[in-house]
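K.L.:
Chain by chain, the residues run as shown.
Number of protein chains: 2
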Amino acid sequence: MKVVLDVFGADEPPNIIIDGALLALKEDNELFVALSGDQDIILPILKSKNADMSKLEIIDAKEVITNDDAPTTAFKVKKESSLIKGLQSLKDRDDLVAFVSAGSTGAVLTGATFIVKRIEGVMRPALAPLLPTATGGQVCLVDGGANVDCKKEYLAQFAILGSAYIEAANGIKKPSIGLVSVGAEDKKGNELTKGAFAILKEMPINFKGNVEARYALSGDLDVLVCDGFVGNVLLKSVEGTAKLFSLKIKQNIKASFMAKIGYAIFMRGAFKRLKNSMDYQKHGGAPFLGVEKVVIKCHGSSKASAIKAAVLQAKTIAKAGLIEKIKEGLKSANFAENSN
Amino acid sequence: MKVVLDVFGADEPPNIIIDGALLALKEDNELFVALSGDQDIILPILKSKNADMSKLEIIDAKEVITNDDAPTTAFKVKKESSLIKGLQSLKDRDDLVAFVSAGSTGAVLTGATFIVKRIEGVMRPALAPLLPTATGGQVCLVDGGANVDCKKEYLAQFAILGSAYIEAANGIKKPSIGLVSVGAEDKKGNELTKGAFAILKEMPINFKGNVEARYALSGDLDVLVCDGFVGNVLLKSVEGTAKLFSLKIKQNIKASFMAKIGYAIFMRGAFKRLKNSMDYQKHGGAPFLGVEKVVIKCHGSSKASAIKAAVLQAKTIAKAGLIEKIKEGLKSANFAENSN
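Protein chains in written order, with my numbering: chain E, 5 to 344; chain B, 5 to 344.
For reference, chain E alone in the conformation it holds in the complex:
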């Protein structure tokens, strides 16, 4: 199975992105990668790394979409960019099953929506990042930021998208789904979530009701549904607090001579393991769910290991039939024909 990897437009230079592809190829014999970007830059890098060219292809693209390009129009203006040529190839060619990019989020989402196109019946595709949980697992947040203004029906659909994704990614049958709200009781919420709640509880999914943000990372749920504004706030609060906590720990350790010794001699390993377990980049990127093929958006600052994880993740969920699962989910919830 062949995955398209956008080599340009990320914070890291092309050789780091390519390293990610090579690491993924080393780990999975079934995998092939099509690198999208300027051949004149990519080829020398591959040669310098003695890459196995039988597993690789280059989709030559001379332009690059950067964060300075208007995300909603870049796909029209820069048709020769690595992002757009990669997405266009994904759309046109049956042998390409997925696309991975660490480029501009807005450009990836808009490009995917207009080029790869929405699955019939999907009102709004959504981003679905994974977050680490207290029990050592992951929870999928959908929408993680693609749609800042939502209707109740969008939220109901996000449950189907997230459910299909977790089934495909982790093999969990009927993943448990919670609606992010201001309390666990059925009646808690704002107008939007109360409306979504009423739809969700009638749907053929494993809906567990409302969940307070405090318990979002408890590990009790597989999927958290919310609008993209709330999803962004939740995601970024988690990141910000984790950073603040690390900083405070360091400050407190530095402030004490005894603690400094204790850290240096005894605890460095424990903290390294902690950092690893909280590093959600290890799990890959966030799929953009609801378009006709697998599209994964990685963090802009992704290193080779995160790119590797995203490429492997893309292949896994494509192979597990993510798109078919979404179509089945839409059909069973009678959403398959009401696109708007």
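The reader is advised that the hints may include incorrect statements.
Given that identical chains are not distinguished, each listed pair holds provided it fits within a single copy or across any two copies.
[As the list claims (entries may be wrong)] Computed list of lysine to any residue pairs in SDA-like fashion (alpha-carbon distance at most 25 Å, straight line):
hint, residue 1, residue 2
1, LYS80, ALA259
2, LYS30, VAL120
3, LYS155, ASP190
4, LYS51, ASP72
5, LYS192, ASP56
6, LYS156, LYS192
7, LYS83, ASP99
8, LYS335, ASP224
9, LYS258, ALA138
10, LYS192, LYS247
11, LYS335, GLY199
12, LYS191, GLU124
13, LYS198, PHE36
14, LYS247, GLY223
15, LYS51, GLN142
16, LYS51, PHE118
17, LYS156, GLY199
18, LYS51, SER260
19, LYS247, GLN142
20, LYS276, GLN255
21, LYS198, ALA74
22, LYS254, SER305
23, LYS258, GLY223
24, LYS191, GLY110
25, LYS156, TYR219
26, LYS276, ALA259
27, LYS192, PHE118
Just so you know, these hints were derived from the structure itself, not from any lab.
Assemble chain B onto chain E, guided by the hints.
P.N.:
Using the frame of chain E, we list chain B on its own:
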């Protein structure tokens, strides 16, 4: 100055709440406290603690509002409750300057709105909890959960309420204000925040623009404005993540013999200091801003130290002229007469 303290309806028993009052009285010579609740229970506790009765008064109230009472109607049904009699006394008596309760949030907010009443021009009073920041200070989040469905004008007013509060509480002139959004750029946001942004930037306040939730606790801002749904998500995500982080640290320490030794011998102190610095209960409760007198809601599980902090905080902001500052703020932003 006399502060009313609701002795009943909290998770902790009356003697713990009363301990909070006595600790506050010990710290502030100007302070008087009116304890609201059943005299037959309160008086024996005061006697057993040899309390200085010259600083204390009891507002006798035989009923208690619990979390089982419907929050929006409790103020009508249980007129003899400690919460409602306390609020009614606050409204009726000029010598009472503030009210503190760790009882049912919904009942406190509804009771305060209907009994103490909104300041003229205030559309929606809001909760304003404080959160610890990376720089060792605090940031005020308004609305922290009182209004889950907001109009853009409410958000604009929240900036005035939060600004007046931080001025009164910390003596900061023209506190810096950020609007919680999905990015720092002016154009980022959903319909609600874009509308609020347009109003905020024309107002005579120190508006710094949009702020991503990731930087909410950075310490760069004094006040964060958002609707009550987003505020609740932000607040609870921070709490949940801090808890998850603590848990993970403990797990990682326990998993390693070396780390366990290091913790026991060297690091216990550093962790205790960390816990203290992150304990926002130490700063008191969340004021309910926009009603005619100072009303503070403490966490339901508040211990004596948190009650003490809230009583002192109530007196401080009443003395600093919180209500007058809010009225001035509304006037200068031409909000003083458009109540709805």
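K.L.:
25 Å Cα cut-off: does LYS247 pair with GLN142 within a copy, between copies, both or neither?
P.N.:
Answer is both; intra-copy 19 Å and inter-copy 16 Å each pass.
K.L.:
If the cutoff is 25 Å on CA atoms, where do LYS192 and ASP56 land: within, between, both or neither? Let me know, please.
P.N.:
Answer is neither; intra-copy 56 Å and inter-copy 44 Å both fail.
K.L.:
If the cutoff is 25 Å on CA atoms, where do LYS51 and GLN142 land: within, between, both or neither? Let me know, please.
P.N.:
Classified as neither: same-chain Cα gap 38 Å, cross-chain 54 Å, threshold 25 Å.
K.L.:
Checking an output row: LYS258 and GLY223, CA cutoff 25 Å. Within, between, both or neither?
P.N.:
For LYS258 and GLY223, the Cα distance is within 25 Å only across copies (20 Å; inside one copy 33 Å).
K.L.:
At most 25 Å between CA atoms: does that hold for LYS156 and TYR219 within a copy, between copies, both, or neither?
P.N.:
Close inside one copy (22 Å), not across copies (29 Å); limit 25 Å.
K.L.:
Quick one: LYS51 to SER260, C-alpha cut-off 25 Å, is that within a copy, between copies, both, or neither?
P.N.:
neither (51 Å within a copy, 44 Å between copies)
K.L.:
Given identical chains, is LYS198 near ALA74, meaning Cα to Cα at most 25 Å, within a copy, between copies, both, or neither?
P.N.:
Answer is between; shortest inter-copy Cα gap is 18 Å, intra-copy 35 Å.
K.L.:
At 25 Å max between alpha carbons, let me know whether LYS191 reaches GLU124 within a copy, between copies, both or neither.
P.N.:
So LYS191 and GLU124 fail the 25 Å test inside a copy (32 Å) and across (31 Å) alike.
K.L.:
Between copies, within a copy, both or neither: which fits LYS30 and VAL120 at Cα up to 25 Å?
P.N.:
neither (28 Å within a copy, 69 Å between copies)
K.L.:
If the cutoff is 25 Å on CA atoms, where do LYS258 and ALA138 land: within, between, both or neither? Let me know, please.
P.N.:
between (27 Å within a copy, 15 Å between copies)
K.L.:
Within a copy, between copies, both or neither: where do LYS83 and ASP99 come within 25 Å Cα-Cα?
P.N.:
within (21 Å within a copy, 72 Å between copies)
K.L.:
Classify it for me, LYS156 with GLY199: is the Cα-Cα distance of at most 25 Å met within a copy, between copies, both or neither?
P.N.:
both (6 Å within a copy, 21 Å between copies)
Hints 1, 2, 4, 5, 8, 12, 13, 15, 16, 18 from the earlier list are contradicted by this structure; the remaining hints agree with it.
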